[in-house]
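Let the hints inform the model, and build the full structure from the sequences given.
Taking the numbering used here, I'd label the letters of the sequence shown as residues 181 to 432.
Don't read these hints as lab results, they were simulated from the structure. Some clues are possibly wrong.
Straight-line C-alpha distance at most 25 Å; calculated PhoX-like pairs for lysine-lysine [what the hints assert, rightly or not]:
1) K345 / K371
2) K371 / K283
3) K260 / K345
4) K214 / K185
5) K296 / K326
6) K214 / K296
7) K345 / K296
8) K367 / K209
9) K283 / K380
10) K296 / K185
11) K265 / K296
12) K283 / K242
13) K260 / K226
14) K209 / K242
15) K357 / K367
16) K357 / K215
17) K270 / K185
18) K326 / K283
19) K209 / K260
20) K226 / K209
21) K357 / K371
22) K265 / K185
23) K265 / K215
24) K380 / K214
25) K265 / K345
26) K357 / K260
27) K296 / K260
In this text the structure is predicted, and so the values were computed from the model without any measurement.
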Amino acid sequence: MAPIKVINASLGRTGTSSFCEAMDILGYKCHHMKKLLADPTYETSKPFYEAALNRDEADWDKVYAGYDVTTDFTGSYFWKHLFAKYPDAKVILTERPFEEWFKSMQNTIYPVIRSKIQYEPDHPRYALRQLSRTVVLEGIIEDDDKYMNEDFMRRYYNNHIEEVKRTVPANQLYSLKLGEGWEGICKFLGKDVPDVPYPKVNSTAEFNKKVSQTRARNEAIAAAAAAAAATADTAGISDTPLKELIIGATST
Numbered sequence: 181m182a183p184i185k186v187i188n189a190s191l192g193r194t195g196t197s198s199f200c201e202a203m204d205i206l207g208y209k210c211h212h213m214k215k216l217l218a219d220p221t222y223e224t225s226k227p228f229y230e231a232a233l234n235r236d237e238a239d240w241d242k243v244y245a246g247y248d249v250t251t252d253f254t255g256s257y258f259w260k261h262l263f264a265k266y267p268d269a270k271v272i273l274t275e276r277p278f279e280e281w282f283k284s285m286q287n288t289i290y291p292v293i294r295s296k297i298q299y300e301p302d303h304p305r306y307a308l309r310q311l312s313r314t315v316v317l318e319g320i321i322e323d324d325d326k327y328m329n330e331d332f333m334r335r336y337y338n339n340h341i342e343e344v345k346r347t348v349p350a351n352q353l354y355s356l357k358l359g360e361g362w363e364g365i366c367k368f369l370g371k372d373v374p375d376v377p378y379p380k381v382n383s384t385a386e387f388n389k390k391v392s393q394t395r396a397r398n399e400a401i402a403a404a405a406a407a408a409a410a411t412a413d414t415a416g417i418s419d420t421p422l423k424e425l426i427i428g429a430t431s432t
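Shown next as structure tokens:
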């Protein structure tokens, strides 16, 4: 059986985090980039980064092992390859007005991706950082000539949606409007309507709070490591210099 049953092909910041929680409530196992951030070892980022470097040769069963739904910027970056691999999958678009989406991107994802943090390839977070830079808007977010051109971004946003609609057969595609609730998507997926409200999570305020918490946590880790290294030096124990641990977080 193909592991991917549902592909959310939407760009991040279109309600994809709420969608992911909704899928988990319905009994699926949904992958979202926040799952990579939750991994303290960051090892789970590596298969996704390797797949991003060569989508044509990726082993999708291995990349998405343990999941049967995909969403967020990895979902939007991989959706065509996933649909080619799993042609019976159902595809969902969580559409949001462009103006709202672009404002949300400006206030959340953009400052995180454009931070000046760099990692060496052997750093635990290297794969996650590079994955984010690759899959978020296919790297356009780092090209200010394009990203800061609102007309260009409007065309990019609309073209992405239209390509999905052109590619996916109508009986396999559902457009989910923000705020519409359970009824339509449950009917499309053949699921009973849950007795809990449709999730509404990861607002701009929540996103930025998570970023601040992540940075504070990593600053504390870096400070503790530096203190331990200083103690070791005082005791005459040599050690290699510490790598930078202060990082931003990417979530949608």
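Cross-check of the supplied hints:
1. A distance of roughly 23 Å separates the Cα atoms of K345 and K371; the hinted pair therefore holds under the 25 Å criterion.
2. Simply put, K371 and K283 have alpha-carbon atoms about 33 Å apart, too far for the 25 Å limit, and the pair is violated.
3. A distance of roughly 12 Å separates the Cα atoms of K260 and K345; the hinted pair therefore holds under the 25 Å criterion.
4. Distance restraint check for K214 and K185: the Cα-Cα separation of roughly 20 Å lies within the 25 Å cut-off, and the hinted pair is therefore satisfied.
5. Taking the CA atoms of K296 and K326, the gap is about 19 Å. The hint holds against a cut of 25 Å.
6. Straight-line distance between C-alpha atoms of K214 and K296 comes to about 21 Å, which keeps the hinted pair within the 25 Å bound.
7. Distance hint between K345 and K296 is unfulfilled; the C-alpha atoms sit about 37 Å from each other, more than 25 Å.
8. Distance check on the hinted pair: K367 and K209 sit about 19 Å apart at the alpha-carbon level, within 25 Å; holds.
9. A C-alpha spacing of about 18 Å is found between K283 and K380, which places the hinted pair at or below 25 Å, so the restraint holds.
10. Between K296 and K185 the alpha-carbon distance is near 37 Å, which puts this suggested pair outside the 25 Å criterion.
11. Note on K265 and K296: the hinted pairing is violated, with a Cα-Cα distance of about 36 Å set against a maximum of 25 Å.
12. Restraint check: the Cα-Cα separation between K283 and K242 comes to about 35 Å, which exceeds 25 Å; the hinted pair is violated.
13. Simply put, K260 and K226 have alpha-carbon atoms about 20 Å apart, close enough for the 25 Å limit, and the pair holds.
14. The suggested pairing of K209 with K242 holds, with an alpha-carbon distance near 15 Å, which does not exceed 25 Å.
15. Taking the CA atoms of K357 and K367, the gap is about 15 Å. The hint holds against a cut of 25 Å.
16. In summary, the hint linking K357 to K215 is supported, as the alpha carbons are separated by about 24 Å, within the 25 Å threshold.
17. Annotation: proposed proximity of K270 to K185 holds, straight-line Cα distance about 6 Å (limit 25 Å).
18. Among the hinted pairs, K326 with K283 is consistent with the structure: their alpha-carbon atoms are about 16 Å apart, no more than 25 Å.
19. Our distance criterion of 25 Å between C-alpha atoms is met by K209 and K260, whose separation comes to about 20 Å.
20. For the proposed pair K226 and K209, the alpha carbon gap of about 19 Å is at most 25 Å, so the pair holds.
21. Distance hint between K357 and K371 is fulfilled; the C-alpha atoms sit about 18 Å from each other, no more than 25 Å.
22. Restraint check for K265 and K185: the C-alpha separation of about 11 Å stays at or below 25 Å, so the hint holds.
23. With a CA separation close to 23 Å, the supplied pair K265 and K215 stays within the 25 Å bound.
24. With a C-alpha separation of about 15 Å, the suggested pairing of K380 with K214 holds against the 25 Å cut-off.
25. Of the supplied pair hints, the one linking K265 and K345 holds, its CA atoms being roughly 18 Å apart against a limit of 25 Å.
26. Distance restraint check for K357 and K260: the Cα-Cα separation of roughly 22 Å lies within the 25 Å cut-off, and the hinted pair is therefore satisfied.
27. Restraint check: the Cα-Cα separation between K296 and K260 comes to about 31 Å, which exceeds 25 Å; the hinted pair is violated.
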